[in-house]
Amino acid sequence: MADTRSILLVGVGGQGTILASKILSTGLVEAGYDVKMSEIHGMAQRGGSVSTQVRFGKEVHSPIIGRGAADILVSFEAMEALRWLEYLKPDGKVIVNDYKIPSVPILMGKVDYPEGIIEDIKEKADTWVVDAAKIAMELGNAKVMNIVLLGALVKAMDLTDIDWEQVIRNNVKEKFIDINIQAFRKGMEAVELAKA
Amino acid sequence: MKKLLTGNEAVALGAYEAGIHFASAYPGTPSTEILENIAANYKDDIISEWAPNEKVAVEAALGASIAGARSLAAMKHVGLNVAADPFFTIGYTGVNGGMILVAADDPGLHSSQNEQDNRYYARHAKVAMIEPSNSQEAKDMVIKAMEISEEFDTLVLMRMTTRICHSKSLVEVGERKEVPIKPYKKDLQKYYVAPAVAKQLHVKVEERLKRLEEFSNETDLNYVVWNTDKIGVISSGVAYEYAKEVFGDKASYLKLGFTHPLPMKKIKEFAEKVETLYVVEELEPYIEDQVKAHGIKCIGKDKIPNIWELNPEIVAATLLDDQAHIIDYDKSKVVNRPPTLCAGCPHRGFFYGLSKRKNVMITGDIGCYTLGGAPPLNAMDTTICMGASISLGHGANKIFEKFNKDMKVVSVIGDSTFFHTGINSLMDVVYNRSNIITCILDNRVTSMTGQQDNPGTGYTIHGEGTNVVEIEDLVKAVGIKHVRTVNPLKLDELKAAFDWAFGLDEPSVIISRWPCVLKKLSEIDKKEFEPLAGKCYVEVEKCIGCKMCVNTGCPAIHFDKENKKSAIDQVQCVGCELCMQVCPTKAIIKVGE
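Just so you know, the sequences run in chain order A and B. First residue of the first sequence? That's 1 in our numbering, and the numbers climb one at a time after it. First residue of the second sequence? That's 1001 in our numbering, and the numbers climb one at a time after it.
Here chain B stands alone, though its shape is the one from the complex:
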């Protein structure tokens, strides 16, 4: 039976069919649905977990592998930066049960802070790499990865991209092949990576790479589609589909599914048979550089850009000078539509309150609340990577203090991001004694990636009740003496907390706690939070058109230019009452409660 699946769904299915026993991930677009699907569909066969961060996910998966199981870890591209430490050393240790690490790049930065090409990681850490071009391959390659991993004693990195993860194509559904776990064997020469052991392991790694290159030259994951000797195209991943779309049968192809180590013998043979050789890659010249290093002439990144997402139009225009016919029209009329915090989002009140403070540096982090830096709230100065808000704020605070600058640092981080890496940074604040205000926006869920549970929610990936890591207890335990929890929908409560924290000469933590407006309240939430009710409504005769409510940036509120009054969309409004609190004439009332 064939099913239309996204690449992520196909990876989950592949994990099931391959007999994988353990899977762990931290959510991150575009990779999130891999673990969601494993958890939802294969609960009885695969142990699946949300880890607090990607490093933890990879280490847990390695533990499962060493214990003898087949394991999987999944993350977005930048997650591998967090997991790089264990990742590089697994390159040395190898595995016991098969192990796959799925990392999803985001060319075009649909939902990311950079455009890194993770293929270099495979080369750097000396592990095997596979790159699917569609959902069927994504499934098949997970199964193949288990064989390669166990045969060559290597971790296999599967490099996905947004268009593989979130594109649906047809996949043949198969059966699970039950694989017994391997016996656990204490093996110091393999897993006890002290310097003397690692020294010997490095020798083995280089031998393994040679065997992997032989495999690369022989495997049918790397294959030739022969049409003509005029044009040859070497490509991998989704770029291969773009090349096929553009060249059709007017080119021959060397399609690479196993891309580390590259099949140099196969590449040379292919290159010799064609007149013009193109290397079609999305992002960096990973293949091209190695092809050129072997003295093979080819055309690639001198024509195809290495920035942003590739598509068939760009391939046709840059390689064949075949420009798309585009309707000529005035696009300047179109107004921007940036993403925005939802109506009723608890972060809005928090940033509205924070935006009123003067002489502050606001260091932000990665999550929905990153949108607090956009107009009209404009309440964020930096966003770098997960956890950086606090540590970056710490460093800035040290400089402001030493050089007597009148600047207060406020670091803003979400609940899930705090558990991810923020906690380490907060220890730095306590230990090295900086005087920053850390604000943890606890909306009771990992929101941006679509409502995943985390160590603070009280539920596992399966929705089963579990231990709750209480943020307040946690920050006190690392040594923060001043902690306050506030409801961000109450501006006076928030203002009082800011006044209090700005007056302290020691580090403090403000926990801004209210559930995400999109969250389906859990049993635990229901005990703590009263659901919002009613709608906010503008009494036109009282509205003086001052735009205070509009400047909260709520998408349910708009300013009617003709009668110079605000109006609230009754469909979008959830009745959070923020606008009522900022209105100077009390022109906004609550209806329908």
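Isolated chain A, as found in the complex:
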């Protein structure tokens, strides 16, 4: 449907795409949107390429999209952004984590991790490059990379009216609340800085 917006979050099994999508979906529901979210479990989670789709609007029908249909692609890993780029609308936006996870053929030295991926993506779409790994490490926990990217997504999609910090408080363990909120803010800033 015309007013439905589609977010595609991609990455590698174990990167926390599902938690980020859960917080995103919860916030959107609380803001009064109809929301559908689709995720993949099972074998692909063992270090494979994973994707989660979140669609929201007045009334959402399909939980998934086909190619050329995402308003924004948030990639938790650089090469995954290029793998899933065909799912982006030609005028869609990309947030890409400047972070590489080599897959098995690369680990084994059979092929190289492809060069110039970020440049390729920039050439094709309106792109924000976020160094979420660096930001997360500076905050003291590499795992909050996912929330940095969530912050970037919220800013890029102009969804800042929602009280995300409250949603984060409700969805992460008490001792991780502060670091996640900081990660979220840093993610928003990262998009702002890239824009400036």
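Fair warning: there could be bad hints in the mix.
To be verified - Here are the simulated distance ranges between beta carbons: (1) A/170 - B/1192: 53 to 59 Å; (2) A/59 - B/1174: 50 to 56 Å; (3) A/126 - B/1174: 43 to 49 Å.
Said to hold, decoys possible - Below 25 Å or equal to it, Euclidean Cα-Cα: the simulated PhoX-like pairs (lysine-lysine) are: (4) A/110 - B/1408; (5) A/22 - B/1002; (6) B/1331 - A/100; (7) B/1408 - A/22; (8) B/1408 - B/1476; (9) B/1250 - A/89; (10) B/1250 - B/1265; (11) B/1230 - B/1303; (12) B/1230 - B/1301; (13) B/1303 - B/1255; (14) A/100 - B/1547.
Keep in mind the hints are simulated off the structure, nothing from the lab. For each residue, glycine too, the CB sits at the ideal point set by N, CA and C.
Guided by the hints, dock chain B onto chain A, whose structure is given.
This is chain B only, laid out in the frame that chain A set:
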């Protein structure tokens, strides 16, 4: 109150609200979370259990139903193949308390070995079928299924698919309606299905189907959304949502939620009112074939593929020739990212050791260890279905022996899969005297589906302590004389066991026993296994760049092409020491212990 739930969570909620008393399942993607959620959230109201396999789950649920309770069994699509025997006969007996069987298909084979469309099962076994299109319907239909089951004395098959199971949408949360169990009545003419009884039951089944078709024509589970007489769409399940996405209000819809028997009267009336009729289905032409058999013209699988997963893009492109606008770019740069065994996975050492053997046929099975067949380990020749490793290996061994082929058969199966159906196959090995090596990879948990307990772990679905089925005792009890248990993280121990087993002229069992690296060790585990500690680290000056460590396929190890040395990611490494054992120059040391 509305909650954002997956289809699986919604089924669990539906089971609670419908007053279901008993639920049993064997884990299988995409169905696993149904029982997990029932167990976690409704423990006081619903008896919930992991069964050793789907057949057992269905029979236990039938027993509960005959005893008067409302019951549920859940499984992935291929699980119904295992449970087909009781399933077909329940088609004859019917039920006492309401009974629902939830089967989840996996179009697109996200985590499965085939793409079967289980809707045919309902027709084949002559039971009622419902198909939800979203989470709200999933919940509502479980409740409705109980009414249908009890009113028509039939099992209800609920056909889900991956995108229903694992998509979240909003669900209105209600209250549980307590339903008293029905009295148990010994009724030989219903449940004692000897041939003479079954003969009479078949007559009743055909009468029941007629009444169910009338119901199908009347129920609001099958409804029309009228917009235009130009285009009509008949659809069910998630495909209905795709059709709505594509056609919007430019088509009228006959939305089918109750799909066996199909509402042929309703379908005919709808077809007569529209100029062009589409049947939009994922996978097979289940609805379309029946519509066409009634002489109704429609467009379906001549345009929409019956392979892989459907989505709105495919519906738009195939039916409306509306091609998606896709960014044009060079995708060839992107390197494959196949799933892989985790860093520290105990299966890695096992397959590494096995991969060194020559003249072997390695018959594999279904689980995380199926990944042992992928590069670089490449230590598997077949994977067919749960339990097949052993029986398939048995048959192959018989042929190799008779025709004097120099081939040894090694069958590889996980702990949970062994309990599932492997045990029967091992009896075949003993009874029919083949000479294969059966390797049971006992990682103390059902891993692939996300860490479920099983008869070997010592805990129930609720984490309560229970009896342990000891694999070693079990295989000895069926008649295996040669059994060894090894730690797969110790390559020398493993090699000794293989040498020993390859030298025997009788069947043997090697139990490769170490907990899954993702498992949170239980109290029982803690008594047996010392947790891994420290990290492995490459001393660059000693590394000769031979890639031996890289060839274990550990995702924590990578080969640095520039300086031609291996390196280990200290975040991913769990210190299993496998790489240390394969390194010829002892360049890998343990740090931080």
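Is residue 1250 of chain B within 25 Å of residue 1265 of chain B, Cα to Cα? holds, 24 Å
For residue 1230 of chain B and residue 1303 of chain B, compute the direct alpha-carbon distance and say whether it is at most 25 Å. Holds - the C-alpha atoms of residue 1303 of chain B and residue 1230 of chain B are around 19 Å apart, at most 25 Å.
Given the hinted pair residue 1331 of chain B and residue 100 of chain A, is their alpha-carbon gap at most 25 Å? With a Cα-Cα distance of about 17 Å, the restraint between residue 1331 of chain B and residue 100 of chain A holds, given a limit of 25 Å.
Between the alpha carbons of residue 110 of chain A and residue 1408 of chain B, is the straight-line distance 25 Å or under? It is violated: about 31 Å lies between the C-alpha atoms, which goes past 25 Å.
Straight-line Cα separation of residue 100 of chain A and residue 1547 of chain B no greater than 25 Å? holds, 21 Å
Hint consistency between residue 1303 of chain B and residue 1255 of chain B [alpha-carbon to alpha-carbon, up to 25 Å]: Distance of about 20 Å is within 25 Å: holds.
Verify the CB-CB distance for residue 59 of chain A and residue 1174 of chain B against the hinted window 50 to 56 Å. Violated, at about 22 Å.
Given the hint of 43 to 49 Å, check if residue 126 of chain A and residue 1174 of chain B actually sit that far apart at their C-beta atoms. holds, 44 Å
Restraint check for residue 1408 of chain B with residue 1476 of chain B, where alpha carbons must lie at most 25 Å apart: Holds: residue 1408 of chain B and residue 1476 of chain B sit about 22 Å apart, inside 25 Å.
Assess, step by step, whether the Cα of residue 1250 of chain B is no farther than 25 Å from the Cα of residue 89 of chain A, and give holds or violated. Within the cut-off at roughly 23 Å; holds.
Against the 25 Å threshold, does the CA-CA distance of residue 22 of chain A and residue 1002 of chain B hold or violate the hint? It holds: about 15 Å lies between the C-alpha atoms, which stays within 25 Å.
Given pair status - residue 22 of chain A, residue 1408 of chain B, alpha carbons within 25 Å: violated, 49 Å
Hints 2, 4, 7 from the list above are not met by this structure, while the remaining hints are.
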